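Engineer: Spelled out from the first residue to the last, the chains are:
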Amino acid sequence: MSTNTVTAKILPHPLNAWYVAAWDHEVTRKPMSRRIANRPVALYRTEDGRAVALADACWHRLAPLSQGKVVGKDGLQCPYHGIVYNSAGRCISMPAQETINPSAIVPSFPVVERYRYVWIWMGDPTLADPDLVPDMSQMTSEEWAGDGLTIHADCNYQLILDNLMDLTHEEFVHSSSIGQDELSESDFVVTHEGNRVTVTRWMHNIDAPPFWLKNMRDKFPGFEGKVDRWQIIHFEAPSTIRIDVGVAKAGTGAPQGDRSQGVNGYVMNTITPETDRSSHYFWAFMRNYRLDSQLITTQLRDGVHGVFAEDEAMLQAQQAAIDANPDYQFYNLNIDSGGMWVRRILTAMLEAEGRLVAS
Amino acid sequence: MAVSQTQVWQSATVVEVSEIARDIKRIVFAPELPVKAEPGSHIDLLVQIDGEDVQRSYSVVDSSEDGSRIAISVFKAPLSRGGSEFMHTVSVGDSLRITQPLQNFPLRVGAQKYVLLAGGIGVTAIANMARVLKRLKADYTLVFVGRSREAMAYFAELEAEHGERFQAHIDDEGTSLSVAELLNDVDLNTELYMCGPIRLMDAVRRAWIERELDLPNLRYETFGNSGWYDPEEFIVRVPKLNLEVRVPTDRSMLEALEDAGADMMFDCRKGECGLCEVRITELTGIIDHRDVFYSERQQRLNQKMNCCVSRVVGSADKASEGASAQRAVVTIESS
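In order, the protein sequence lines correspond to chains F and S.
Residue numbers for the first sequence follow full-length UniProt numbering, beginning at 1 and rising by one.
Residue numbers for the second sequence follow full-length UniProt numbering, beginning at 1 and rising by one.
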């Protein structure tokens, strides 16, 4: 493995993996189009509610099927000449002939609906094992409540992974909400096993930044004082990052496992490459207190949305700078340790698929 | 999955040639631009016939994981149009022009039940599918049909690999296939993939329609190179162009008309697309429809034919072969 590959500025994406294609509520009987891993995909639901993903180009003249309509129990009709495909991508109706051309087929991608998302497998369908869907169980667990949105980020997916694996940037990018000096001052620990990487950081006896002070007061009205703050980043290949975050009243035992005097959230992130230079970034913020408060759910969703807009602006600027400076390389720092393990795992997946591209 | 229909030509070196059954050679290539071959894929390659480059298609029997080795198997047809004869002359070290794998016959993952039906050399398209279904622990049956055991390529390997899921029907052992029985176990959730002679495929298709099974679940691939009758020389007349053309056994009607200077429309050259259809105004003989474009109703009408693969024979009775007086004649309107 060459160093050059590990710090590629535009990392290709593994294909033999599950990516989120859409939120479950986005996929309906009205077909929609989304570009995933460089390929346009048409998404719709069958009469019995099953999500389907077909290549968004008719076999005949490549008209976008997503602009057609659903017909029958699982068919999608091309808007141009009326050729109909079933959910397996097979032509079931052909204009002006009594037989069906045996070649008339469009790719149908394996789909799994789980954790409020529709997941898609763009690689070898014979390897599409549903057990490989990354763990996002907080999304549907009864012990957690929350909601999220989608960011369309104009950057290579890997830059978002870098962003989430190293939260020292919070001090500079999110200074008004979650940033504080202690982030870049405190130590962190990186561990890795198989296709997972974990980065753990604790900050003891500090002031809670505005975002966390608000959350503490939602759970402990009138809270004042110091907190112990944690960020435990869980990466699962290829591009899911759940961040266990929270603060607890200082010295009440949170680092030892007793989080009862604190507030706990999970920042759920999963990134789907759209093209080599753009990504669908699906995120949610889940919390484990005051589960019945839709007010808090909405406030947190909108609050995090504002915070993530700051990341989005930075990522877009970073991608533009990368493209504008083709001769410059990345340099790796100690704070990139988590992100570098992510790159190593992705590189191994890409090598296994025979699709490493030097850049 | 990916339906790749773009021909990417490359050179490939022959690294292995072996006779694996009577008149069947296994040929392994080391391609210049390796790509893994998915089940059901084929390659196009250029064969030399009378000093000319002619394109032929062969199913990929197996390939290495990274595609650096890709195997086909070629049956030396007694009435070869020249392609299989040429392929039987290649030897280790030869370099050929071949495409990267092309896919028109993809295996869909996720059916409840599969039947894979291979007739004779058609096993080349089916063997790879069976291997993948086995790996996926799918519910499948592999049915292999042939005239005699020695003429059935990969017989022992497939029997060993698929055990109880393997079923053979061999004419000269008195165990010929009954299509009705084959379809007994088939239901609306079964997908049947077949590759073999047109007679076998037509029989299955007829039974499939009769049983009112879902047509898209019947998957097949044909290269249009087998018919109901052995090829005979025949005459095609095109009054509008003032042409009378002899169609020899090793040329298609389309090729013969092109050779004679007719400006023909065509595309797939394997009886699927219907673009080469010609209207028949007079016929002495029988049309051997080898296409999959027409329905049976349309084939029975005998008003049109797909001249890329379909032929004309003098009589349904083989005994008349050689009786030159019986040579068939078809008169067509050119497009």
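Among the hints, erroneous ones may be present.
[To be verified] Derived DEER-like restraints, expressed as beta-carbon distance ranges: (1) F:E351 - S:G261: 21 to 29 Å; (2) S:G110 - F:Q67: 54 to 62 Å; (3) S:G51 - F:N325: 20 to 28 Å; (4) F:Y328 - S:V8: 33 to 41 Å; (5) S:D317 - F:P95: 37 to 45 Å; (6) F:Y80 - S:G51: 39 to 47 Å; (7) S:E181 - F:A96: 31 to 39 Å; (8) S:E181 - F:L62: 48 to 56 Å; (9) S:L188 - F:D131: 46 to 54 Å; (10) S:S64 - F:R35: 42 to 50 Å; (11) S:G110 - F:E193: 27 to 35 Å; (12) F:A321 - S:G51: 41 to 49 Å; (13) S:E173 - F:E193: 52 to 60 Å.
The hints are simulated quantities; they were obtained by calculation from the structure and are not laboratory data.
Remember, it's a predicted structure, so these values are computed and weren't measured experimentally.
All C-beta atoms, glycine included, are put in the ideal place defined by N, C-alpha and C.
Engineer: None of the hints should be skipped; say for each whether it holds.
Structural biologist: Status of each hint after checking the structure:
1. F:E351 - S:G261: 21 to 29 Å: violated (55 Å)
2. S:G110 - F:Q67: 54 to 62 Å: violated (26 Å)
3. S:G51 - F:N325: 20 to 28 Å: For F:N325 against S:G51, whose Cβ atoms are near 56 Å apart, the range 20 to 28 Å is violated.
4. F:Y328 - S:V8: 33 to 41 Å: holds (34 Å)
5. S:D317 - F:P95: 37 to 45 Å: Since S:D317 and F:P95 have Cβ atoms about 40 Å apart, the given range 37 to 45 Å holds.
6. F:Y80 - S:G51: 39 to 47 Å: Since F:Y80 and S:G51 have Cβ atoms about 44 Å apart, the given range 39 to 47 Å holds.
7. S:E181 - F:A96: 31 to 39 Å: For F:A96 against S:E181, whose Cβ atoms are near 36 Å apart, the range 31 to 39 Å holds.
8. S:E181 - F:L62: 48 to 56 Å: Distance hint for S:E181, F:L62 is violated at roughly 42 Å.
9. S:L188 - F:D131: 46 to 54 Å: violated (28 Å)
10. S:S64 - F:R35: 42 to 50 Å: With a Cβ separation near 32 Å, S:S64 and F:R35 fall outside 42 to 50 Å, so the hint is violated.
11. S:G110 - F:E193: 27 to 35 Å: holds (31 Å)
12. F:A321 - S:G51: 41 to 49 Å: Hint violated: Cβ distance 59 Å, outside 41 to 49 Å.
13. S:E173 - F:E193: 52 to 60 Å: holds (57 Å)
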